[in-house]
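Chemist: Now for the letters of each chain:
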Amino acid sequence: EDQVTQSPEALRLQEGESSSLNCSYTVSGLRGLFWYRQDPGKGPEFLFTLYSAGEEKEKERLKATLTKKESFLHITAPKPEDSATYLCAVQTGANNLFFGTGTRLTVIP
Amino acid sequence: DTGVSQDPRHKITKRGQNVTFRCDPISEHNRLYWYRQTLGQGPEFLTYFQNEAQLEKSRLLSDRFSAERPKGSFSTLEIQRTEQGDSAMYLCASSPYASGEKLFFGSGTQLSVL
Numbered sequence: 013e014d015q016v017t018q019s020p021e022a023l024r025l026q027e028g029e030s031s032s033l034n035c036s037y038t039v040s041g042l043r044g045l046f047w048y049r050q051d052p053g054k055g056p057e058f059l060f061t062l063y064s065a066g067e068e069k070e071k072e073r074l075k076a077t078l079t080k081k082e083s084f085l086h087i088t089a090p091k092p093e094d095s096a097t098y099l100c101a102v103q104t105g106a107n108n109l110f111f112g113t114g115t116r117l118t119v120i121p
Numbered sequence: 030d031t032g033v034s035q036d037p038r039h040k041i042t043k044r045g046q047n048v049t050f051r052c053d054p055i056s057e058h059n060r061l062y063w064y065r066q067t068l069g070q071g072p073e074f075l076t077y078f079q080n081e082a083q084l085e086k087s088r089l090l091s092d093r094f095s096a097e098r099p100k101g102s103f104s105t106l107e108i109q110r111t112e113q114g115d116s117a118m119y120l121c122a123s124s125p126y127a128s129g130e131k132l133f134f135g136s137g138t139q140l141s142v143l
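Protein sequence lines correspond, in order, to chains G and U. Residues in the first sequence are numbered consecutively from 13, following our numbering. Residues in the second sequence are numbered consecutively from 30, following our numbering.
One should not assume that every hint holds.
If you anchor each label on the Cβ, the simulated ranges turn out as follows [what the hints assert, rightly or not]: (1) G:Thr113 <-> U:Arg44: 23 to 33 Å; (2) U:Arg88 <-> G:Ser31: 32 to 42 Å; (3) G:Ala22 <-> U:Ala82: 37 to 47 Å; (4) G:Arg73 <-> U:Gly45: 44 to 54 Å.
Negatives, chain U to chain G, calculated, CB over 10 Å [said to hold, decoys possible]: (5) Pro37; (6) Lys40; (7) Ile41; (8) Phe50; (9) Arg51; (10) Glu57; (11) Gln70; (12) Glu73; (13) Asn80; (14) Leu84; (15) Ser91; (16) Arg93; (17) Pro99; (18) Gln113; (19) Asp115.
No wet-lab data here; the hints were simulated from the structure. Owing to the predicted nature of the structure, the values given are computational and were not obtained by experimental measurement. Don't be surprised by glycine CBs; every beta carbon is placed ideally from N, CA and C.
Construct the entire structure; sequences and hints are all you get.
Modeler: Here it is in structure tokens:
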């Protein structure tokens, strides 16, 4: 059975304090791993797609990496506006995404 | 690009009533998805359409749930005989890609069943 586990569940950082969020997965036949950001009361917003181990993608203060068993979302020098829930999802053979439960990030000024 | 639009944003209903939600995808997107999200959980897949054809349904989609996408444009999700366990955020997403990646989500319809 496909499984996606995100850790930690919640993370509080001081502004400028870099950290990483983890997404570990057990799936049969990974077609893609996705990172989304979700603000309260809104739908998820696409950030990155990673397809193969060793791949990295960057956007502003965010960098996503992928290994054969897990993905990391690195946040460098975060700002309060980076506060959100970060969701990891995998796409396997089916035409849909299987989401983890997310990491709720709070960045304190 | 006006984004994915969902209506209503909030719906409060009594147990046993029927409810219907509407989703208007981004106009050129041929794939449309419905997901359900409860508090503290990630979105769970319900069903998806390619144009007007409903190609996949989750086992979560009981026979009280039905979705349509007439003419491959907007979509509706109907829940009959609502139960308290149906309370959740119902999210619609659309995608222009054949592989279904990079979904564009709407802001959802929050359903509360009393």
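Chemist: Are the hints correct? Go through all of them and say.
Modeler: We went through each hint and held it up to the structure:
Roughly 27 Å separates the CB atoms of G:Thr113 and U:Arg44, a value that falls within the hinted 23 to 33 Å. Take U:Arg88 and G:Ser31: their Cβ atoms lie about 37 Å apart, and the range 32 to 42 Å holds. In this structure, G:Ala22 and U:Ala82 meet the distance hint of 37 to 47 Å, their C-beta atoms being roughly 41 Å apart. Range check, G:Arg73 to U:Gly45: Cβ separation about 48 Å, and the 44 to 54 Å hint holds.
Annotated as non-interface, U:Pro37 keeps its C-beta farther than 10 Å from every C-beta of chain G; the closest such distance is 14 Å. Distance check for U:Lys40 against chain G: the nearest CB is about 15 Å away, which clears 10 Å, and the non-interface claim stands. U:Ile41, annotated as away from the interface, keeps every beta carbon of chain G farther than 10 Å; the closest lies near 16 Å. With a least CB separation of 13 Å from chain G, U:Phe50 remains clear of the 10 Å interface cut-off, as annotated.
Once the 10 Å rule is applied to beta carbons, U:Arg51 is consistent with being away from chain G; the minimum gap is 15 Å. With 10 Å as the threshold on Cβ separation, the claim that U:Glu57 sits away from chain G holds: the shortest Cβ distance comes to roughly 17 Å. A cut-off of 10 Å between C-beta atoms contradicts the statement that U:Gln70 is not in contact with chain G; the least separation is 6 Å. U:Glu73, annotated as away from the interface, has a beta carbon of chain G within 10 Å; the closest lies near 7 Å.
Every CB of chain G lies more than 10 Å from the CB of U:Asn80, the least distance being 13 Å, so the non-interface label holds. Some Cβ of chain G comes within 10 Å of the Cβ of U:Leu84; the nearest lies about 7 Å off, and the non-interface call is violated. No Cβ of chain G approaches the Cβ of U:Ser91 within 10 Å, the least distance being about 17 Å, so the stated non-interface status holds. Look at U:Arg93: its CB is around 20 Å from the nearest CB on chain G, clear of 10 Å, so calling it non-interface holds up.
Even its closest Cβ contact with chain G, about 21 Å, leaves U:Pro99 beyond 10 Å, as expected for a residue assigned away from the interface. Every Cβ of chain G is farther than 10 Å from the Cβ of U:Gln113; the closest lies at roughly 21 Å, confirming the non-interface assignment. Distance check on U:Asp115: its Cβ is at least 19 Å (rounded) from any Cβ of chain G, clearing the 10 Å threshold; non-interface status holds.
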